[in-house]
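Student: Please arrange chain B on chain A, whose structure you already have, making use of the hints.
Respectively, the protein sequence lines represent chains A and B. The working numbering applies: residue 1 is where the first sequence begins, and numbers increase by one. The working numbering applies: residue 1001 is where the second sequence begins, and numbers increase by one.
No lab work stands behind these hints, which were simulated from the structure alone. Be careful, since some hints might not be right.
To be verified - Here are the simulated lysine-lysine pairs, BS3-like style, with alpha carbons at most 25 Å apart:
id: 1; chain 1: B; residue 1: K1029; chain 2: B; residue 2: K1128
id: 2; chain 1: B; residue 1: K1149; chain 2: B; residue 2: K1027
id: 3; chain 1: B; residue 1: K1269; chain 2: B; residue 2: K1250
id: 4; chain 1: B; residue 1: K1015; chain 2: B; residue 2: K1114
id: 5; chain 1: B; residue 1: K1186; chain 2: B; residue 2: K1149
id: 6; chain 1: A; residue 1: K31; chain 2: B; residue 2: K1027
id: 7; chain 1: B; residue 1: K1029; chain 2: A; residue 2: K31
id: 8; chain 1: B; residue 1: K1232; chain 2: B; residue 2: K1029
id: 9; chain 1: A; residue 1: K31; chain 2: B; residue 2: K1072
id: 10; chain 1: B; residue 1: K1029; chain 2: B; residue 2: K1060
id: 11; chain 1: B; residue 1: K1114; chain 2: A; residue 2: K31
id: 12; chain 1: B; residue 1: K1222; chain 2: B; residue 2: K1029
Stated by the list, open to error - With the C-beta cut set under 10 Å, the calculated list includes, among others, these residues of chain B facing chain A:
id: 13; residue: G1024
id: 14; residue: K1027
id: 15; residue: T1047
id: 16; residue: V1048
id: 17; residue: T1053
id: 18; residue: A1095
id: 19; residue: R1096
id: 20; residue: D1100
id: 21; residue: T1129
id: 22; residue: Q1132
id: 23; residue: L1243
id: 24; residue: M1247
What the hints assert, rightly or not - Calculated Cβ distances over 10 Å to all of chain A for the following chain B residues:
id: 25; residue: T1025
id: 26; residue: Y1028
id: 27; residue: A1049
id: 28; residue: S1063
id: 29; residue: K1072
id: 30; residue: A1080
id: 31; residue: L1094
id: 32; residue: K1114
id: 33; residue: K1128
id: 34; residue: D1144
id: 35; residue: P1145
id: 36; residue: M1170
id: 37; residue: A1185
id: 38; residue: N1215
id: 39; residue: T1216
id: 40; residue: A1219
Treat the numbers as computed from the prediction; the structure is a model and nothing was measured. Just so you know, even glycine gets a beta-carbon here, dropped at the ideal spot from N, CA and C.
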Amino acid sequence: MISVTINGERRQLDAPLNCVELLARLELSGKRVALERNGEIVPRSRFAVERLAEGDRLEIVVAVGGG
Amino acid sequence: MKPHENLDPLVIAGKPYRSRLLIGTGKYKDFAETRAAVEASGAEIVTVAIRRTNIGQDPKQPSLLEFLPPSKFTLLPNTAGCYTADDAVRTLRLARELLDGHDLVKLEVLGDPKSLYPNVVDTLAAAKTLVQDGFKVMVYTSDDPIIAKQLEEAGCVAVMPLASLIGSGMGILNPWNLQIIIENAKVPVLVDAGVGTASDAAIAMELGCDGVLMNTAVAAAKNPVLMASAMKMAVEAGRAAFLAGRMPKKLYSAAPSSPTTGLITPSPKP
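Okay, chain A solo, but in the shape it has when bound:
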């Protein structure tokens, strides 16, 4: 188990876990999202190879209405 912060919420997750598996666990597979890990963008092309680590801070964002 690792402890990570996703969108400001602390979560315990089974490790090892890459970004594709994370999105699947969050029911976000196939959704258009962008991912930031510890302040750095994770390009979509690296979702399958980037593994989460203890203490990671993740932001997962979408486009919403705004002016």
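Tutor: Using the frame of chain A, we list chain B on its own:
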């Protein structure tokens, strides 16, 4: 002139747009109304915000981009809600990744949650970082001509001073500053924020603005779709009036519009 010809495009970062009205997508009743208002406005560039996804939400819920596909509209991700240069830069890097490398963005760094007045110091810092990073930055700012010029010199592709505070609907409070900004600028100047009704948009265009960006004026109207079409006409009318060149203002007119000779004999005074 054929209908599809556009002899007076708005050119931003080298790309021509037919519409000089840019519209925000916030505060609508639902996505269907958002889409209907955008269609009625004729806008090609629409702003979107970048927010955390609601984890645990119904995964079948529709997303904004299903109603406003990037293939049909130029999405302009903004940094609304950011109060530091760093947050704004991170938000737009996420936006670029989200939109498959799309690099045209709207930068705004706010200074105060009550007024939403821009923090121009952080705005300029963020603009420099983003330009360096390859973004095409359309920048929201105050109507200060000096900072507007500095943002242009930092490499922003459009400068977007406020007409009045975001969401206030107060219209153009300082047309003189806007005129100075327009006169000095070599990049497009768009009024962003403060437009309340169609005449405000027309006045902005008559002053020589290259375009107008608005959200609340449309979304908070009783009939947003009708207001969107009113704004389309106002921007077009204001632009045409600007290009036509208005007559000078005079306190008295010594030149009536009708002939001064050939009048019938006046009746004798009773």
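Student: Could you run down the list of hints and mark each one as holding or not?
Tutor: Hint check:
1. About 36 Å separates the Cα atoms of K1029 of chain B and K1128 of chain B, which puts this hinted pair outside 25 Å; it is violated.
2. A distance of roughly 32 Å separates the Cα atoms of K1149 of chain B and K1027 of chain B; the hinted pair therefore is violated under the 25 Å criterion.
3. With a CA separation close to 33 Å, the supplied pair K1269 of chain B and K1250 of chain B exceeds the 25 Å bound.
4. Note on K1015 of chain B and K1114 of chain B: the hinted pairing is violated, with a Cα-Cα distance of about 36 Å set against a maximum of 25 Å.
5. Taken as a hint, the K1186 of chain B and K1149 of chain B pair is honoured in the structure, with Cα atoms around 9 Å apart against an allowance of 25 Å.
6. For the suggested pair K31 of chain A and K1027 of chain B, the alpha carbons sit about 23 Å apart, so the restraint of at most 25 Å is met.
7. With a C-alpha separation of about 23 Å, the suggested pairing of K1029 of chain B with K31 of chain A holds against the 25 Å cut-off.
8. For the proposed pair K1232 of chain B and K1029 of chain B, the alpha carbon gap of about 21 Å is at most 25 Å, so the pair holds.
9. Among the hinted pairs, K31 of chain A with K1072 of chain B is consistent with the structure: their alpha-carbon atoms are about 19 Å apart, no more than 25 Å.
10. With a C-alpha separation of about 19 Å, the suggested pairing of K1029 of chain B with K1060 of chain B holds against the 25 Å cut-off.
11. Restraint check for K1114 of chain B and K31 of chain A: the C-alpha separation of about 34 Å exceeds 25 Å, so the hint is violated.
12. A hinted pair counts as satisfied when its Cα atoms are at most 25 Å apart, and K1222 of chain B with K1029 of chain B qualifies at roughly 11 Å.
13. Hint on G1024 of chain B holds. Least Cβ distance to chain A is approximately 3 Å, under the 10 Å limit.
14. Given the 10 Å rule on beta carbons, the hint for K1027 of chain B holds: about 7 Å separates it from the nearest Cβ of chain A.
15. Hint status for T1047 of chain B: holds, given a least beta-carbon distance of 6 Å to chain A, under 10 Å.
16. At a threshold of 10 Å, the smallest CB-CB gap from V1048 of chain B to chain A is about 4 Å, leaving the interface hint in force.
17. Look at T1053 of chain B: its Cβ gets to within about 5 Å of chain A, closer than 10 Å, so that hint holds up.
18. For A1095 of chain B, the shortest C-beta to C-beta distance to chain A is roughly 7 Å, which falls under 10 Å, so the interface hint holds.
19. With a cut of 10 Å, the hint placing R1096 of chain B at the interface with chain A holds, because the nearest CB-to-CB distance is about 8 Å.
20. Taking 10 Å as the C-beta contact cut-off toward chain A, the hint placing D1100 of chain B at the interface holds, the least distance being around 8 Å.
21. With a least beta-carbon distance of about 14 Å to chain A, the hint placing T1129 of chain B at the interface is violated under the 10 Å criterion.
22. Contact between Q1132 of chain B and chain A, as hinted, is not supported at the beta carbon level, the nearest pair being about 16 Å apart and thus beyond 10 Å.
23. Below 10 Å, beta-carbon pairs count as interface contacts, and L1243 of chain B has none with chain A, the closest being about 28 Å; its hint is therefore violated.
24. Nearest Cβ of chain A to the Cβ of M1247 of chain B: about 35 Å, over the 10 Å cut. The hint is violated.
25. The claim that T1025 of chain B lies off the interface is violated: its Cβ sits roughly 4 Å from the closest Cβ of chain A, which falls inside the 10 Å cut-off.
26. The claim that Y1028 of chain B is not at the interface with chain A is violated, since a C-beta of that chain comes within 10 Å of its own (minimum 6 Å).
27. Remark: the non-interface label on A1049 of chain B conflicts with the geometry, its nearest Cβ contact in chain A lying 3 Å away (cut-off 10 Å).
28. The non-interface label for S1063 of chain B is inconsistent with chain A: the shortest C-beta to C-beta separation is roughly 6 Å, within 10 Å.
29. The non-interface label for K1072 of chain B is consistent with chain A: the shortest C-beta to C-beta separation is roughly 14 Å, beyond 10 Å.
30. Residue placement check: A1080 of chain B does not keep its beta carbon more than 10 Å from all beta carbons of chain A (closest about 5 Å).
31. Taking the minimum C-beta to C-beta distance to chain A, about 4 Å, the non-interface status of L1094 of chain B is violated against the 10 Å cut.
32. K1114 of chain B, annotated as away from the interface, keeps every beta carbon of chain A farther than 10 Å; the closest lies near 17 Å.
33. Residue-level check passed: K1128 of chain B sits 19 Å from the nearest beta carbon of chain A, beyond 10 Å.
34. The beta carbon of D1144 of chain B is kept farther than 10 Å from every beta carbon of chain A, the shortest such distance being approximately 21 Å.
35. The claim that P1145 of chain B is not at the interface with chain A holds, since no C-beta of that chain comes within 10 Å of its own (minimum 24 Å).
36. Under the 10 Å C-beta cut-off, the non-interface status given to M1170 of chain B relative to chain A holds; the minimum distance is some 16 Å.
37. Distance check on A1185 of chain B: its Cβ is at least 23 Å (rounded) from any Cβ of chain A, clearing the 10 Å threshold; non-interface status holds.
38. Taking the minimum C-beta to C-beta distance to chain A, about 3 Å, the non-interface status of N1215 of chain B is violated against the 10 Å cut.
39. Taking the minimum C-beta to C-beta distance to chain A, about 7 Å, the non-interface status of T1216 of chain B is violated against the 10 Å cut.
40. Here A1219 of chain B does not stay apart from chain A, with its beta-carbon only about 8 Å from theirs, under the 10 Å limit.
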